[in-house]
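Protein chains in written order, with my numbering: chain S, 4 to 272; chain D, 18 to 493; chain Z, 84 to 425.
Just so you know, the hints here were simulated from the structure itself, not pulled from any lab data.
For each residue, glycine too, the CB sits at the ideal point set by N, CA and C.
Treat the hints with care, since some could be wrong.
Result set (BS3-like, lysine-lysine): computed pairs, CA atoms no more than 27 Å apart in a straight line [unchecked claim]:
1. K225(Z) to K461(D)
2. K223(S) to K209(S)
3. K217(S) to K24(D)
4. K191(D) to K352(Z)
5. K410(Z) to K191(D)
6. K223(S) to K80(D)
7. K116(Z) to K24(D)
8. K356(Z) to K60(D)
9. K464(D) to K233(Z)
10. K116(Z) to K461(D)
11. K85(D) to K356(Z)
12. K187(S) to K23(S)
13. K200(S) to K64(D)
14. K187(Z) to K233(Z)
15. K293(D) to K116(Z)
16. K24(S) to K187(S)
17. K200(S) to K165(S)
18. K346(Z) to K24(D)
19. K109(Z) to K293(D)
20. K420(Z) to K80(D)
21. K352(Z) to K85(D)
22. K293(D) to K233(Z)
23. K346(Z) to K191(D)
24. K420(Z) to K64(D)
25. K233(Z) to K191(D)
26. K225(Z) to K293(D)
27. K410(Z) to K293(D)
28. K61(D) to K165(S)
29. K213(Z) to K461(D)
30. K116(Z) to K464(D)
31. K352(Z) to K293(D)
Over the 12 Å line for every Cβ pair with chain D, so calculated as not near, a few chain S residues [claimed, not checked]:
32. L22
33. K24
34. V35
35. N78
36. G79
37. D120
38. D139
39. D159
40. R161
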Amino acid sequence: MNKISENCINCPAHNISNLKKLGIDMSSFDYVVALAGNPNTGKSTVFNYLTGLKQHTGNWPGKTVTRAEGAFEYNGKKFKLVDLPGTYSLLSTSVDEEVARDFILFGQPDVTVIVIDATRVERNLNLVLQILEITDRVVICLNLIDEARRNQIEVDHRTLSKELGVPVIPASARQGEGMDELLKYIYEVAVGSYICKPNRLRSRSKELNEAIEKLTEMIKEVFPNLPNTRWVALRLLEGDQNIIDAVRNGELGNINLSKIVEIEKEAAY
Amino acid sequence: MNEMMNKRESIIAEANRLRWELGENFHDTLMQNIYEHATEIEKKAVKYPDAKEVFSFDRTLDKILTSKFLGFPIMFLMLGVVFWLTIQGANYPSGLLSNLLVDTIHPALKTFALNFDLPWWLSGVLIDGAYLAMAWVVSVMLPPMAIFFPLYTLLEDFGYLPRVAFNLDPLYKKVGAHGRQALTMAMGFGCNAAGVIATRVIDSPRERLIAIITNNFSLCNGRWPTQILIATVFIGSAVPAYLAGIVSAAAVVFIALLGIAFSLIVSWFLSRTLLKGEASAFSLELPPYRPPRIFQTLYTSLIDRTIFVLWRAVVFAIPAGMLIWLVANVSIDGISIANHFIQYVNPIAFVFGLNGVIFLAYIIAIPANEIVIPTILMLTVANLGIQGVGAGSGVMFELESASDVATILQSGGWTLLTAINLMLFSLLHNPCSTTIFTIYKETKSWKWTLVSTFLPIAMGLTVTFFVTQIWRLLTN
Amino acid sequence: MNEAMLLLFIGILFLLFIAILFYPEKGLLEIFKKSRYANQKVLLEDALKFLYDCEYNNIPCTLNSIAGNLNISADTAAEIVSKLQNMGLLNANRDFLLLTSEGKSYALRIIRVHRLYEKFLADETSMNEKEWHKAAEEVEHKLSDEEVNKLAAQIGNPVFDPHGDPIPTSKGEIPEKAGKHLNEMEPGEMATIIHIEDEPHTIYSQIVAEGLYAGMQVRMIESNEKRVKFEANGEECILSPLIAKSITVGPIKLEKPVEGKLKTLSSLKVGEKGIVLGIAKSLRGQQRRRLMDLGIVPGTEIEAELESISGDPVAYRVRGTTVALRKNQSEKIYLVKEEEKN
Chain S
4 MNKISENCIN CPAHNISNLK KLGIDMSSFD YVVALAGNPN TGKSTVFNYL TGLKQHTGNW
64 PGKTVTRAEG AFEYNGKKFK LVDLPGTYSL LSTSVDEEVA RDFILFGQPD VTVIVIDATR
124 VERNLNLVLQ ILEITDRVVI CLNLIDEARR NQIEVDHRTL SKELGVPVIP ASARQGEGMD
184 ELLKYIYEVA VGSYICKPNR LRSRSKELNE AIEKLTEMIK EVFPNLPNTR WVALRLLEGD
244 QNIIDAVRNG ELGNINLSKI VEIEKEAAY
Chain D
18 MNEMMNKRES IIAEANRLRW ELGENFHDTL MQNIYEHATE IEKKAVKYPD AKEVFSFDRT
78 LDKILTSKFL GFPIMFLMLG VVFWLTIQGA NYPSGLLSNL LVDTIHPALK TFALNFDLPW
138 WLSGVLIDGA YLAMAWVVSV MLPPMAIFFP LYTLLEDFGY LPRVAFNLDP LYKKVGAHGR
198 QALTMAMGFG CNAAGVIATR VIDSPRERLI AIITNNFSLC NGRWPTQILI ATVFIGSAVP
258 AYLAGIVSAA AVVFIALLGI AFSLIVSWFL SRTLLKGEAS AFSLELPPYR PPRIFQTLYT
318 SLIDRTIFVL WRAVVFAIPA GMLIWLVANV SIDGISIANH FIQYVNPIAF VFGLNGVIFL
378 AYIIAIPANE IVIPTILMLT VANLGIQGVG AGSGVMFELE SASDVATILQ SGGWTLLTAI
438 NLMLFSLLHN PCSTTIFTIY KETKSWKWTL VSTFLPIAMG LTVTFFVTQI WRLLTN
Chain Z
84 MNEAMLLLFI GILFLLFIAI LFYPEKGLLE IFKKSRYANQ KVLLEDALKF LYDCEYNNIP
144 CTLNSIAGNL NISADTAAEI VSKLQNMGLL NANRDFLLLT SEGKSYALRI IRVHRLYEKF
204 LADETSMNEK EWHKAAEEVE HKLSDEEVNK LAAQIGNPVF DPHGDPIPTS KGEIPEKAGK
264 HLNEMEPGEM ATIIHIEDEP HTIYSQIVAE GLYAGMQVRM IESNEKRVKF EANGEECILS
324 PLIAKSITVG PIKLEKPVEG KLKTLSSLKV GEKGIVLGIA KSLRGQQRRR LMDLGIVPGT
384 EIEAELESIS GDPVAYRVRG TTVALRKNQS EKIYLVKEEE KN
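Whenever a hint applies, use it, and build me the whole structure from the sequences.
Okay, here's the thing in structure tokens:
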């Protein structure tokens, strides 16, 4: 017993004392953190760990169907954590995906944490790559790393981080492993001391690239300050009504808070 | 300003033109690109073990749990064991709780009220109505829930539910429903309102509606006490004592299976009439098995589910208790309101093999099915004017033993037929008010809310009607 | 007769009565609904649609062809044409019938609703392919502009209907007609089916029965007055020229040509592996997107892992996850089998 606690003075877990779980007390927060990820990757476990709430967890995909919100305090800053519905993708037409997509785009969270399953990295990267198109302020939580170890799957999180251009933290939320590290990066990305350089999608199809480029240019002319024109172009090509409306009424240029409130209302139930 | 607007419009118009040009393959190409990119990154960062042997535990277990010969038996066995543990395990703590809440605290409260000279109607409404209703619900509901929910959550955390859906899918496909409906149905065994919310995992609107409407056929937690008690009293007592436990558990499992059968039949009917369509494709991920964390599970299932459902039941039981006391004690022309209603409805109820007391109990119990049995007992006693049992007229009470229940109900004219019909009607009647409200919130349609509310009643009345008439034809 | 018998009898009668009233398609309620459907407005709008179709396809349109198409007498057709003229939607001469620009935009509006609704049915409702057209024929006369736009937004503002026809925008824009009829292809030529005409119904259902759909790749073998012989996704297919005329083909786009007979995912036995080549176009909408979200895209390795009790669904291992699919999906996913190593 003694030996462990001695060792732990220097280990990063010590920092976790900076974490104050605030549960559902969300009065006056400094930053908004969105929690995204595939279904059944342990998103709810991460959420519960950080906020101290006890949202029900279970082992089947799609079990979290209502969006949860909670708060925590770290290094003296208050964070509001929004648990988005678990989705495989952001490009389809289901309601869940619309909520997640629109929150990341219009809600402009300060940090988006993507929880991915270390035993099925490839499938999870699909969502990661899509989210990286919308926002650069991303921290990836490589969850279920213990399960990956048990199955002898080795995930090199440094390579992954280099390839994606955002921090990747190996973690096991069930055991509380890696959570301190995760908090540290959430904090750094939120305050802007860590700048992400995300890897953007490339397309092999010439026709598609030309179409996207053409639209991107037109959009840039009208909305010069938009950080994610390519994503907007892609969504226009997919016929996303929310984006079409935002282009039509010019709201896209000054994405404002009223839109967030609207989305939140819709998502509340 | 106008120029900007034109420019914005031209972006939209150009996007449209490009979409026609790109054709329908656009989304496919995009997805393929993303995955190629993902594969590229994954190859650099992830190393898999050479042999696939590592997965063998999951694979072997899957082979057993979904095998031709063992798949269904294991499923029924699990269901049976969970029910049996719940029924057997709940007996003793239930008795303890009712001793404490009903036999000890209730008389104490009455004495207290007498000492303070509370008017009879006030102590009646508060102590004999509200308090007793609450006490009854707690002592009957808490033990089975505290056993059932953790067991169920363990199965859920382990990853068994998707396998159940996998096994049952052929049935759902045949009736034109979505495979994930099995998952939502399983949630409904806990609470129908939760089951209705869980239908969000179904993408297709048509199949989701079917899942919502049929969720009520999952015997929910609030209806088990009814099933268990009636099964114990009327069916368990018909066999030798050492078999009683297993036979009543089997009867309850049978009703639960009947519920599944009805949900399939109704799904089939709906997908051929009101919600026409073929079974759409579905994809269901079978997650890896994860060792459940026992303490975490106990904690969350107690906090999340047990306390939540119990709280709801208590909240509804208190006003219902007051109402029951009032209808049993307020008289018009010398006869209580309850008796007026019962006498009026009895001839109609007779056709369905039920009685006026049961109908009145189901009306009072719309907010929470849990209070059906106490209401029935109380109203039966009040109606017959039996003296010396329980605490007097219009008072919910806990009986010393199951045989007391039998005595009262039999003197109220109950037969085995009434008992069977009550079990059937308890399975097939309107969802509780919380579920109805949830259905409205989820469908945003009065039409479907009304269908989900009245379809089960119509079915319940049809089924009990035919059971009754055929029974009478055969026994006459 | 005892009482139970009597009540039982009454009960059964009552159930019969309910059945007669609510029976799908043939019930009294349905019949009543249908009788309300065939009214003047419907005829006018159907005529407009037909006239527009003729102009789009450069086919001359006469009173007789209108009467034939709408299944009405020539007198009624004449009546309708004069009505349309009075409304300023049609210019009629002795020789030709031509829509005015108002008439065109009115027709396009109806066509938009029709095609959008077909797309909606195909993507979201899993209604049988053969019933889309009939359902859309009814709905196109009922939906308001607002409802239509809402429907469009809900399914991602599609630009093509399930038969491959372009859907007009809310402003009435529509691209030029493209492609040619299947029977006009040269032997050896390859193309993609871009459109299957869904009228008349008898011809359409024959094409559907052959398993042909928009987006399928075809290679012409021979085409003459008697028969049109071609290969579709590797399988030989023979149609009469009359039927082949209902199929429009266009140049192959974005896809590599597919050669040889294809295996389907459903043909994999447990333990066998394959590489995905593509997903059939007849798997549409949300279902198609879901599959791709799960990582089933061309180039993916996939292995049959677990068979359920009745052999359907089957669980497949794909990109590190186990996903159960029904047979009606897995038989629409094409792949090449990985040869066994021994």
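Taking the hints in turn, this is what the structure says about them:
About 22 Å separates the Cα atoms of K225(Z) and K461(D), which keeps this hinted pair within 27 Å; it holds. At most 27 Å may separate the alpha-carbon atoms for a hinted pair to count; K223(S) and K209(S) meet this at roughly 21 Å. Restraint check for K217(S) and K24(D): satisfied, since their Cα atoms lie roughly 14 Å apart, inside the 27 Å limit. The straight-line distance between the Cα atoms of K191(D) and K352(Z) is roughly 23 Å, inside the 27 Å bound, and the hint therefore holds.
Taking the CA atoms of K410(Z) and K191(D), the gap is near 12 Å; set against the 27 Å cutoff, the hint holds. For the proposed pair K223(S) and K80(D), the alpha carbon gap of about 55 Å is over 27 Å, so the pair is violated. Between K116(Z) and K24(D) the alpha-carbon distance is near 47 Å, which puts this suggested pair outside the 27 Å criterion. Distance restraint check for K356(Z) and K60(D): the Cα-Cα separation of roughly 20 Å lies within the 27 Å cut-off, and the hinted pair is therefore satisfied.
Restraint check for K464(D) and K233(Z): satisfied, since their Cα atoms lie roughly 20 Å apart, inside the 27 Å limit. Taking the CA atoms of K116(Z) and K461(D), the gap is near 25 Å; set against the 27 Å cutoff, the hint holds. Of the pairs offered as hints, the one joining K85(D) and K356(Z) holds, with about 23 Å between alpha carbons and a cut-off of 27 Å not exceeded. Distance restraint check for K187(S) and K23(S): the Cα-Cα separation of roughly 13 Å lies within the 27 Å cut-off, and the hinted pair is therefore satisfied.
Our distance criterion of 27 Å between C-alpha atoms is met by K200(S) and K64(D), whose separation comes to about 25 Å. At most 27 Å may separate the alpha-carbon atoms for a hinted pair to count; K187(Z) and K233(Z) meet this at roughly 23 Å. In summary, the hint linking K293(D) to K116(Z) is supported, as the alpha carbons are separated by about 16 Å, within the 27 Å threshold. The straight-line distance between the Cα atoms of K24(S) and K187(S) is roughly 15 Å, inside the 27 Å bound, and the hint therefore holds.
In summary, the hint linking K200(S) to K165(S) is supported, as the alpha carbons are separated by about 9 Å, within the 27 Å threshold. The hinted pair formed by K346(Z) and K24(D) fails the criterion: a straight-line CA distance of about 49 Å is larger than 27 Å. With a C-alpha separation of about 14 Å, the suggested pairing of K109(Z) with K293(D) holds against the 27 Å cut-off. As the CA atoms of K420(Z) and K80(D) are separated by approximately 23 Å, the hinted pair is consistent with the 27 Å bound.
For the suggested pair K352(Z) and K85(D), the alpha carbons sit about 16 Å apart, so the restraint of at most 27 Å is met. Restraint check for K293(D) and K233(Z): satisfied, since their Cα atoms lie roughly 22 Å apart, inside the 27 Å limit. At most 27 Å may separate the alpha-carbon atoms for a hinted pair to count; K346(Z) and K191(D) meet this at roughly 26 Å. Our distance criterion of 27 Å between C-alpha atoms is met by K420(Z) and K64(D), whose separation comes to about 25 Å.
For the given pair, K233(Z) sits about 32 Å from K191(D) by alpha-carbon distance, which is inconsistent with the 27 Å threshold. Restraint check: the Cα-Cα separation between K225(Z) and K293(D) comes to about 20 Å, which is no more than 27 Å; the hinted pair holds. With a C-alpha separation of about 21 Å, the suggested pair K410(Z) and K293(D) falls inside the 27 Å cut-off, and the hint holds. With a C-alpha separation of about 11 Å, the suggested pair K61(D) and K165(S) falls inside the 27 Å cut-off, and the hint holds.
Between K213(Z) and K461(D), the direct Cα distance comes to roughly 30 Å. Violation of the 27 Å bound is thereby established for this hinted pair. Straight-line distance between C-alpha atoms of K116(Z) and K464(D) comes to about 18 Å, which keeps the hinted pair within the 27 Å bound. Taking the CA atoms of K352(Z) and K293(D), the gap is near 33 Å; set against the 27 Å cutoff, the hint is violated. In this structure L22(S) is separated from chain D by more than 12 Å, as the shortest Cβ-Cβ distance comes to about 19 Å.
The Cβ of K24(S) sits about 16 Å from the closest Cβ of chain D, beyond the 12 Å cut-off, so the non-interface label holds. Distance to chain D confirms V35(S) as a non-interface residue, since its nearest Cβ pair spans about 24 Å, more than 12 Å. Interface exclusion of N78(S) from chain D stands, the closest Cβ pair being 28 Å apart, more than 12 Å. Once the 12 Å rule is applied to beta carbons, G79(S) is consistent with being away from chain D; the minimum gap is 30 Å.
At the 12 Å boundary, the C-beta of D120(S) falls inside the reach of chain D, the nearest C-beta of that chain being 9 Å off. With a least beta-carbon separation of about 17 Å from chain D, D139(S) lies farther than 12 Å from that chain, consistent with its non-interface assignment. The Cβ of D159(S) sits about 5 Å from the closest Cβ of chain D, inside the 12 Å cut-off, so the non-interface label is violated. Once the 12 Å rule is applied to beta carbons, R161(S) is inconsistent with being away from chain D; the minimum gap is 8 Å.
This entry does not satisfy hints 6, 7, 18, 25, 29, 31, 37, 39, 40, going by the numbered hints stated previously.
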